[in-house]
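Chemist: Letter by letter, the chains look like this.
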Amino acid sequence: MPFVDDLRVPVEPDELERRRFLALLGSGALGLAGLGAFVAGVRYLEPDVLYEEDGRFEVGRPETLPLGMVLVCRARKVYVVHGPTGFYALSAVCTHLGCVTRHEPGQERIVCPCHGSEFDVSGRVLVGPALRRLQRLSLTLRRGVLVVDTSQAVDDDAVLEV
Amino acid sequence: MRNIARALVRSRVWRSIVRHGFPDSNRNRSLAVLSSFFLHFHPVKVRLRAIKFTRTFYLGGLSAACFLILTMTGLFLMFYYRPAVPHAYNDMKDFAFVVSSGMFLRNLHRWTAHTMVALVFAHMAWTFLRGAYRPPREFNWVIGVGLLVTTLLLSYTGYLLPWDQLAYWAVTVGTNMVAAIPVVGGEIKLLLLGGHSINDNALLRFYVLHCVALPMALALGVGLHVWRVRKDGGILLPPLPKSDVAVATPTEDAPEPDPAAVGLDAESVRLVVTQEEGADVALDLGDEPMVMTFPHLLLREVVAFLALAILLSVMSLLFDAPLEGIADPSRTPNPAKAPWYFLGVQELLRYYTPVVAGVLLPSLCIIALAVIPYFRVNIERPALWESAPMRRLALLWLAIVALSGVFRIGATGMVWSIVVPLWIVGAAMSAGALPWRGRLGAWLRTRSLPFWIFAWFVLSAITLTVIGALFRGPSWRFTLPWRDGIY
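These protein sequences, in sequence, are chains A and B. Take 1 as the starting number for the first sequence in the working numbering and just add one per residue. Take 1 as the starting number for the second sequence in the working numbering and just add one per residue.
Please note: incorrect hints may appear among the correct ones.
If you want a taste of the chain A side facing chain B, the calculated C-beta under 7 Å gives, among others [claimed, not checked]:
hint, residue
1, L45
2, P47
3, V70
4, L71
5, R74
6, A75
7, K77
8, P113
9, G116
10, V125
11, L126
12, G128
For each label pair, taking beta carbons as the anchor points, the in silico distance ranges come out as [stated by the list, open to error]:
hint, chain 1, residue 1, chain 2, residue 2, range
13, A, A29, B, V18, 44 to 54 Å
14, A, E15, B, R130, 34 to 44 Å
15, B, A219, A, L45, 20 to 30 Å
16, B, P474, A, L131, 16 to 26 Å
No wet-lab data here; the hints were simulated from the structure. From the three backbone atoms N, C-alpha and C, an ideal C-beta is built for every residue, glycine too.
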């Protein structure tokens with residue numbers, strides 16, 4: 001049986017162009033299908049429904065929180081502070097790498113155990129490595145009770161006056 | 001008894017499984033390697049110098065052996081472990097108190113994982129020092145860097161599974177470092193955790209990555225890695241000194257063995273390692289002493305594997321894998337330390353923002369490692385100090401001072417753990433300019449630039465890790481190891 005070397009079989013210029021076009025079409029379709037599979041794969045891994053807890057919770061009546069007091073809601077990782085201008089809620093999650101900061105009663109500082117960042121009770125950074133201040137969270141008064149929503153961030157100077 | 005064994009070996013069934021005779025002749029020994037699926041990645045014969053323990057310390061092979069032990073113990077652990085939040089931690093307790101040999105298996109898995117990370121690092125360093133990354137092996141070095149990263153990822157994903165405080169907070173810090181990647185960081189974190197916090201979804205994803213996706217990638221990579229070593233003519237060996245210059249060149253090579261003692265005969269000479277057509281390898285086997293793979297290499301492999309297995313088993317009997325309290329998302333332990341091989345990065349986080357310490361510097365290190373073989377600067381070049389030594393010294397120290405300044409940019413203080421090693425390396429380099437005689441001076445003068453950069457990298461990594469591991473206490477403040485540095 002003779003060996004046919006298809007690299008040496010002469011091809012008409014038209015035929016060559018047709019083959020090139022088909023090759024381009026084929027590899028283009030393959031590339032598009034690959035891209036589609038990648039996008040669909042990433043989309044698949046993105047959960048559509050999250051069974052995470054609701055960010056809202058009640059703290060208590062504002063009268064029970066005297067001026068200068070820092071209430072530590074440990075389970076929700078939130079500080080509720082009665083500052084000189086009003087009430088505000090601070091996330092206790094360090095803005096550096098997400099460790100939960102600590103605040104001891106009577107102290108002026110909020111300290112992160114992981115990398116040593118320190119904040120004051122208004123959330124400002126006193127000592128690095130954290131660069132951003134602690135996130136203020138939505139704090140509202142509903143039927144005379146303070147309600148924090150951890151899923152809603154607010155401006156750094158937002159306070160609730162009661 | 002002997003007759004029974006002989007009859008068995010001669011039976012049709014046996015002959016259908018093992019198609020060659022008993023490996024007591026070099027022909028059958030060759031066939032034992034050639035016709036076996038499990039041994040086919042070995043050549044029939046190996047160079048005696050290549051299988052010497054002190055040539056490689058078997059670091060690559062032992063890393064692979066660790067992977068084998070991890071696969072086996074991991075498989076056993078999977079029979080009891082459930083990757084769900086209420087169960088995972090309880091199953092850890094079951095391993096300790098309820099499952100027969102459960103604690104031993106978990107210990108073995110843990111200590112083997114740590115050993116594997118250490119061995120892979122050592123393998124890389126040794127390969128570098130030997131110069132085995134040079135062409136034509138440069139892409140295999142890149143694969144090796146990929147395998148190192150995969151090993152670290154395997155270790156990292158496994159770290160979350162016990163669901164204790166140690167696991168939870170190490171992974172919290174790690175995933176927030178991922179989130180610090182510009183533009184895509186948040187999305188990658190979401191995909192990795194399957195949510196916004198470390199919870200059931202994250203545990204399941206880490207479990208699947210740890211038990212299926214990453215081991216498959218590693219197994220494939222190891223196969224490719226070993227196959228390419230084979231195609232490049234086995235491990236790198238310095239050329240044999242020619243017999244007429246052998247006296248002039250001092251060498252640490254093994255003395256010429258007696259051919260009869262290593263089993264060389266007329267029959268086996270025909271079975272020389274066949275060379276790939278067109279492969280860019282110069283295998284001059286002229287004077288190279290060769291031995292049969294069966295039994296010389298196989299015996300060494302078995303002994304090395306058993307020594308490792310015994311060592312790790314003894315370790316697992318003596319020391320229990322740590323398990324802290326159940327993960328509590330509202331309470332960060334103080335200090336929260338990462339596993340030892342990430343403590344260097346954690347220590348850097350003390351100085352730099354997460355983008356720099358957690359993303360930029362590690363990526364730069366990995367990229368620098370991967371591209372080493374594509375710069376031909378390491379290959380035989382004249383000594384640095386031969387011409388204009390004073391000018392070159394001044395340039396060197398200018399570069400060192402500038403580099404020290406670069407590391408101060410954006411840092412909360414002087415990063416001594418990186419800068420001091422830089423100065424030490426600079427001093428060692430400069431010492432080569434002194435008119436020293438003797439071996440030390442010659443050694444200092446003949447080191448190449450990549451060697452010094454690598455030395456700096458290793459020295460900094462060790463310093464950062466040691467400080468992070470031993471000299472950091474609560475709130476990551478400096479402390480002494482015997483006070484409260486060790487956790």
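Chemist: Would you mind marking each hint as holding or not holding in the structure?
Modeler: Comparing the hints with the structure gives:
A hinted interface residue such as L45(A) counts as satisfied when its beta carbon comes closer than 7 Å to some beta carbon of chain B; here the least separation is about 5 Å, so the hint holds. Look at P47(A): its Cβ gets to within about 5 Å of chain B, closer than 7 Å, so that hint holds up. This hint is violated: V70(A) has a C-beta 16 Å from the nearest C-beta of chain B, more than the 7 Å allowed. Proximity of L71(A) to chain B is violated relative to the hint, the smallest CB-CB distance being about 14 Å (cut-off 7 Å).
For R74(A), the interface hint holds, the least distance from its beta-carbon to any beta-carbon of chain B being 5 Å, beneath 7 Å. Interface hint status for A75(A): upheld, as the beta-carbon distance to the closest one in chain B is roughly 5 Å, under 7 Å. Of the supplied interface hints, the one on K77(A) holds, with its beta-carbon coming within about 6 Å of a beta-carbon of chain B, less than 7 Å. Contact between P113(A) and chain B, as hinted, is supported at the beta carbon level, the nearest pair being about 3 Å apart and thus within 7 Å.
For G116(A), the interface hint holds, the least distance from its beta-carbon to any beta-carbon of chain B being 4 Å, beneath 7 Å. About 11 Å separates the beta-carbon of V125(A) from the nearest beta-carbon of chain B, more than 7 Å, and the hint is not met. With 7 Å as the threshold, the beta carbon of L126(A) stays out of range of chain B, its nearest partner Cβ sitting at about 13 Å, so the hint is violated. Look at G128(A): its Cβ gets to within about 5 Å of chain B, closer than 7 Å, so that hint holds up.
Here the CB-CB span from A29(A) to V18(B) is close to 49 Å, well matched to the stated 44 to 54 Å. Evaluation of the 34 to 44 Å hint for E15(A) and R130(B) yields a failure: the beta carbon distance comes to about 54 Å. Against the hinted window of 20 to 30 Å, the Cβ-Cβ separation of A219(B) and L45(A) comes to about 23 Å, which satisfies the hint. Range check, P474(B) to L131(A): about 22 Å between beta-carbon atoms, so the 16 to 26 Å window is met.
Consistency with the previously given hints fails for numbers 3, 4, 10, 11 and 14, ordered from lowest to highest.
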